[in-house]
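K.L.:
Here's the letter readout for the chains.
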Amino acid sequence: MNKRDHILAQIIGGSLDTIADEMSATVTRTARSPVFNEAHDFTTAIFEFDGNRSRLVAQSPGCTLHLYAVVMAVERAIAAFKYDLQPGDVIIASDPYDGGTHIPDLVVIAPVFHERRPVLFPAVRAHMGDVGGPVAGGYNPLARDCWQDGLIMPPIKVVARGERRRDAFDLIVGNNRLAHWVTGDLDSMIGACQLATRRITGLFDRYGLPVVRKALQANIDYAERRVRAEIASWPDGEYRAETFVDHDYDGHTDIRIACKATVRGSDLTLDFTGSAPQVAGFINSPIANTLSFVFLAVAGCCDEDIPINEGYMAPVEVIVPEGTVVNPRRPAPVGNCTCICGAEIAEVVLMAIGQAAPERVGVNTHKNPLAFSYGRYDDGRMWVQLNFLGFTGGAGAAYGTDGWGLYAPLMTGVTTPSIEMNEIQYPSRVLKHEYVADATGPGLWRGAPGVETIVEQLAETTNSVMMAGVRHPSYGYAGGGTGGHNRVLLRSDAETVVEVADFAFQHRLPPSGRLETIRGGGGGWGSAHARPAEKVRDDVLDGYVTVAGALRDYGVVLAADGTVDADATARTRAAASGS
Amino acid sequence: MTQWLVGIDVGGTFTDLVAIGPRGEIHATKVPSTRDQSEGVLAALGRLAAEIGRSVPELLADLPLIVHGTTVATNSLLEYDGAKVGLITTEGFRDEIEFRRSYKESVFDPRLKAPHAIVPRRHRIGVPERVTHTGEVLRPLDEAAVRAAIEGFIRDGIEAVAVCFLFSFVNPAHERRVAEIVKEMMPSAFLSLSCEVLPEIREFERVSTTVVNAFVGPRMHAYLSHLEERLRTQGFRGELFVIQSNGGVQSALEAGRFAANGLLSGPAGGVTAGTYLGEMAGYPNLITVDMGGTSYDIALIEGLRPAVTTESWIGRYRIALPMLDIHTIGAGGGSIAWIDAGGALQVGPASAGSNPGPACYGRGGTRPTVTDANVVLGLLNPEFFLGGEMRLDRKAAEEAIRREIAEPLGMPLIEAAVAITDIVNNNMANATRLVTTKRGHDPQQFALVAAGGAGAIHAGKQAEELGIQTVIVPGLAPVFCALGANVADLRISEARTHIGLTDTVDFEALNETFQEMEARARQRLPGADFVRNFDVRRSLDLHYVGEVHEVTVPVRSRTRRITRLNLEATINDFHAIHERLFAHKDPAQKVEILTLRLDLVGLRDKPRVVAAEFGGEDPAPALKGTRPIHFDVAATETPVYDGALLRPGNFIAGPAIVEQWGTTIVVYPGHECLIDAFGNVIVEIGQVQKAGERG
Amino acid sequence: MIVRAHITYSRLAAIVRELSETVARTARSRGLADGGRFAVAALTGEARVAAQHQFDPSHSYLIRESVAGLLDYFAFDLADGDVVVVGDPYRGGSTPQTLTFAAPVLHEGELVLFPAVRAEMADLAGSYPGTLHPTATETWQESIRVTPVKLYRHGVLQRDILRFLLRNSRAEALVRSDIEAIVSSLRAAGAGLSRLLAERGRATVEEAIAAAIAHGGRLTRSALARWQGMDSTVSASIDRSPGPPIDVRLRLRVEEGRLLADFDGTAGQVEGPYNMTLAHARGYVLVAAAASLLDATTLNDGVLESVAATAPAGSLLAPTLPSATGLSDLVTGHAVGALVREALFGADDPGVRRLDGPAPSLVLFAPIGASEENPPYALDPGFTVSAQGWGPPVFSGRRRLPSAEILETRDNIELVSREFMDDGGIGAVLRNHRGGLQATAFVPRSADGADGAITLEHEGRTTDLHRAAGVAIPDGATLRFRYPSLAGRGS
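Read top to bottom, the protein sequences are chains A, B and C. Residues 345 to 923 (this note's numbering) are what the first sequence spells out, left to right. Residues 6 to 700 (this note's numbering) are what the second sequence spells out, left to right. Residues 832 to 1322 (this note's numbering) are what the third sequence spells out, left to right.
Since the hints were derived computationally from the structure, they do not count as laboratory data. The beta carbon of each residue, even a glycine, is placed where N, CA and C say it ideally should be. You may find that some hints are simply not true.
As the list claims (entries may be wrong) - Just the calculated beta-carbon pair ranges, DEER-fashion:
no.: 1; chain 1: B; residue 1: GLY157; chain 2: A; residue 2: THR597; range: 45 to 51 Å
no.: 2; chain 1: B; residue 1: VAL510; chain 2: A; residue 2: ARG510; range: 29 to 35 Å
no.: 3; chain 1: A; residue 1: ARG720; chain 2: C; residue 2: ASP908; range: 54 to 60 Å
no.: 4; chain 1: B; residue 1: ALA66; chain 2: A; residue 2: THR907; range: 55 to 61 Å
no.: 5; chain 1: B; residue 1: ARG235; chain 2: A; residue 2: GLU703; range: 37 to 43 Å
no.: 6; chain 1: A; residue 1: THR597; chain 2: B; residue 2: ALA514; range: 56 to 62 Å
Claimed, not checked - Per the computed footprint, the stretches of chain C lying under chain A, defined by three or more beta-carbons under 8 Å from a beta-carbon of chain A, are:
no.: 7; segment: 955 to 964
no.: 8; segment: 969 to 981
no.: 9; segment: 996 to 1004
no.: 10; segment: 1088 to 1096
With the sequences and hints as input, model every part of the structure.
P.N.:
Below is the structure:
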């Protein structure tokens, strides 16, 4: 293809990304349930189908966790309607064993036709407030099969040839506790896909299919070249790593996730052989979820300006033995996989690559101490509140930067709710949402501090908590320290308080009961003793690190007047490295 | 109007002045901008005085008003060169400004660094206090804690104090009390209260805006008093007004107190000028683009009302104030073309600026820029830059492009230059789509106003990309913002959060709030003697229950009162707008009011610009000659006209080049242009060709 | 004329009976094949029951209500070849997991007469396989809600809808074959009905139906005539241990031969699965009052219309979404029926008139998550002995004792012993050889202490299973069932 085509490719690629942005704007503004419009727990993207495989071609930055998982959803949706796909159709799907991850992450897909063939597929994937099933909110720590996770939604047409299929739509909404929210949510997702369909059709009319296809291929090739260049810069070899999930919510601890990264020239193979067999509890990660987290880990190792598309995964081969916790068989429960063991999957990949390219790896912060509360409004409608403020945080360090803010990039693009909005939408009041000192991974670059959150529930609530990152907090890289441990307390009153060890299920709290969380900070990067003493002092002044912490974690001695005692510091650091 | 009107706009490269005389005669000048912006302002005034043969004091003495657009606030934020700020906030919430609701500019780059802390944590103090969302005091303000905090501030040499408590938009008592204590303990400190800066729900948006206001406030305040001082000593007795981000103008005093309102003081003038132009030339729907040396500003005007947003991020800080919705990307004449690690050609966002500037400036710049490409393609005349005030070095331009683009990509020089312009055009087109289609507007319903030195070179291609039919190049394109300063109205924007379902609205309370807002607006609105009449615009931020983003809907009311009837009309509009923006509506769903907005506009008399008689169609008298131009890879011998000699009514069929002072207009093949009665160049776009079939 | 109408109607009734037999013959799940846990009917375009065939009191009004719900929902969007389905306690239903299938047949473009089947599916997800979930607090925990959907459109299978149902079942194979059986039975019946219409002519058929409905009404009214003018109010309470008992209050009147049951004063809906939809309760009123009659005549709208029931919305007998209703047949229905009998015959009347008699229930399944296919296995080795002293009570529906040989050879459940106990009840002892299992179990408690029991014995430990969800039943464990006898007891 000649140079002009390259230019054209950039132009068409840019237009598709813009369309994905439009979809994203539509969803953000019109979805109903806070978990999704306020938290932005969704992604919009556009996929290509070439007859046998689906490929990511354009996206709008959103909740990155969703992004690559949609690839498979699109393939399965097409397979499901092989000879019955029409222009104007819109498909909804969420089946962990049919291209999905955990059930609350529902995907809406619309085929865009050109000359009687479906070519591009705009899709929205979002986390729904509820998915029916045994437990409100879709997180059931007692789940032992996927039906105890919630309603399974194999690909189903909610719009056929542009006409709303009311019975199919109502079937989904009728099995949802939050019908009053979910109806609006689905409408906005469908609206976004239909809008994208119009825009994409315009693109076809303008450039013609061959040009568009060529352009998409060029963009994918381009990204692939960039990623291959990155991988080629790593020393060839086999790099083994393992990490562990705290527990499987069924009494077993330290569930092994193993990864062998093989670098050969510009090829990368990630082999998860040796990971634990699938477990009874709801941490099993369906293949789409596993690939999604692998994609994130790989993307994080590459330059930020590479267009996000299938090209990232082209050089990467992923081996996931069936029947393991990273590729379970139906009907293993999977409810919590988008946090754990998703986080551990990304972590282990980064640990392995880190041995080859330490400066490219960093951050992994998705070991969320999930908690949600539900209750009823005065009019009897149920509300479900995911404790976003409480579990969001733990940004880890990366080469060249301390962790900062709440989440790190890569692990999510969600926005935490407004505290004031929250107090208006729910009978609950946030009493504290602030950094706590030390509760993070020290390092040449340190993780973001831990976050303490106290939510007071004004009415009676039922609360479920699913701990993670307690036995195995986020690990640091290149000698960086381990992140802070998560803690969640359920307080009924001044005396009665329960600290959640692994999980709490439907724990009742009386009015003015409290959910108290400490979200551990992220892992550090590099040796803490290499951190300039003055930066440690600044952290002390800013209350990110205590004086004691400065000495314990960084070997930095501060004099009474708060200045650095250079000599003492040198001595302690020398002693530490000596021992 | 018997006196001179003067508008002065300070830009990154030039300080522009437009003066309109008693008989509607127009003087425009450009002088280089200066570090102390008042230098440039006085230099420009000096030029004007000279041109109309008067001394500066004479001129200043009978100027009733100077309207000023300045980038002081913007630069102070972008360069993080602001005041030392201390923040007092509700205990337990001092990190919200750092949490940023977990927003990060990149979701894929783990190495993304934190933004510069304009208020480091050590200066963020939480004090015990709490009011509920209904306004009751849950926990009284701990004044001792406040005093302790302020003592710390004094010790650390804090210059500005920002105060932001939860739910202060419902009950500001605690913030006001803190203000009293600050005034008492550190009287010289600059004060920024969230209940004054942005009395709206959402703590992060509010605290960020309030802190930014404190950060840029002292600089802006100092600059404006300094400028006013200098003008006064030179005999100025009139009023100094400043252009605000909302497109209105404001007294220097208020502009200093609420400096966050001045963050778009520069580009806002261009949008205002666009509105004026649209009214004059009869185009109510416009997309104004301003392509300068480093940036490309896009704004949308519908029905002569510029689009306004409350969702801006500037300098990585969230500003939730209503601002003209100006979308800026790093694409200008100085934008550098480069080849990335994957061998793809990129243009910008890095810019060679004005120093060293593009290679062709011959000031030591070696990187190829958009301007260089335009020179190579023949679109720009090296001999006629800034009307000949500056010569361009064609060789240097060719050399830079050959060395850094053509050879690495293995393309001929011309193809490389074409590629550079294609990429920058496309970047601009996509950016323009974002402010049109993404907001539910169809670009084809709009005319494109091309301002700024480089705007008119690329506008034609933009229009093709977007399917726009008409491009307007204003006679004053190079000094468009300064023109805006002359025509901007006085404007105060007030907002109050007032939550309630539309079907259970307490109209008494609603109207009371609106009246209180109007009263405050009137007391904040200066210079009533320049105002022909007042226009009060009320609107409501509405959403379906559960939605957490709002749509601002103008209230359909002829009277001052909101009634059941006009509220219903407004809600119908809401459904319609919602559908236009988001492809669906849900009239069955309950609608909630979140925020009341009121704009008090003091309408000024617009300068009367004389409409000239249409002469003949033939532009021949203005023909300077021809030169080969590469609209694409192949060159076309193209006629070149002298804009100064073109007359209203002249008609030119593309391809052609019109060179006028400060800008070059490219009439692409298939396009046609006409000079209108006000000296604007109106370009009509022909059939859009399929991009796929080119090259 | 009358005769011709009579012949026509008996043809219709025959088609319906045939439909019932085809379903029983072709369905594979034990619930349908042996348990007769289904009902069939032919309905008119106004959703009136022309003729209905059922073995189980729990269906009486529910085909009609469910079909009415379907007709309302799809209104004018019904055509030949459609098969529409609903299974929602809150749209004409009762217990979860019971689907109503209707196959509209258009006669000259109009909906005149069409067949419907209402049947309990082996499993439609929820927390546990099968319907039994004694600790459920919401309908979604018992099973998915099947709101009205088209399974076939113009004769074309809507694959995604079918896939949706099957993917939400732990007994995919059984549910699939039962649905196929039901649909083909419906098609056959539909053909039969159109033939009838074609041969006899619409007018004749409609007259015949009208006549039969009128006749059914007359029969019922005459059966009720002996209570003409009666107006009595009775109340009882349903055991809900560990929770407090639930009060049920009934005012029963007979006016112009119609039986009016007013449950005003009954407790509000409860968190447990004891709630019962009003149409469901109405069925128990009907059966309680006219059981003998029902055996003699074909059930149709005339019979159904002779009984009315009312209850305040949000009460136990008119619950609102998402209240759980899983135990309504097992417990609440019996209580309602007993109250009706008491109101009709008086408390001191000999118990021989009693039709109620809740029985212990147990459902076995493989450990949750162990396998993709995990069909429930309802174990009913005996029955509560009816007040009549033999056979199961009417309200327990049709129950056949599973044969010991079958149990042991086919199901790997060793029936150690099964015989009458001293108190006249039935005792059964079984041993599990199916491997490690789990179970849900429930033992209703009646006011007069005529309780059954289920106990689990394993390695010397004995566990009482009167209210169990997901309890482990190890391989080799012994299960002891005790079914009470109501013979000779008062109410």
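K.L.:
Hint by hint, say whether it matches the structure.
P.N.:
Right, here's what the structure says about each hint:
1. B:GLY157 x A:THR597: 45 to 51 Å: 47 Å, holds
2. B:VAL510 x A:ARG510: 29 to 35 Å: 33 Å, holds
3. A:ARG720 x C:ASP908: 54 to 60 Å: Check failed, 35 Å falls outside 54 to 60 Å.
4. B:ALA66 x A:THR907: 55 to 61 Å: Distance hint for ALA66 of chain B, THR907 of chain A holds at roughly 58 Å.
5. B:ARG235 x A:GLU703: 37 to 43 Å: Distance hint for ARG235 of chain B, GLU703 of chain A is violated at roughly 53 Å.
6. A:THR597 x B:ALA514: 56 to 62 Å: Hint holds: Cβ distance 58 Å, inside 56 to 62 Å.
7. 955 to 964: With 3 residues in contact (Cβ-Cβ under 8 Å with chain A), the coverage given for the segment 955 to 964 of chain C holds.
8. 969 to 981: Three-residue rule met by the segment 969 to 981 of chain C, so holds; n is 10.
9. 996 to 1004: holds (count 3)
10. 1088 to 1096: violated (count 0)
Checked against the numbered hints above, the structure breaks hints 3, 5 and 10 and satisfies the rest.
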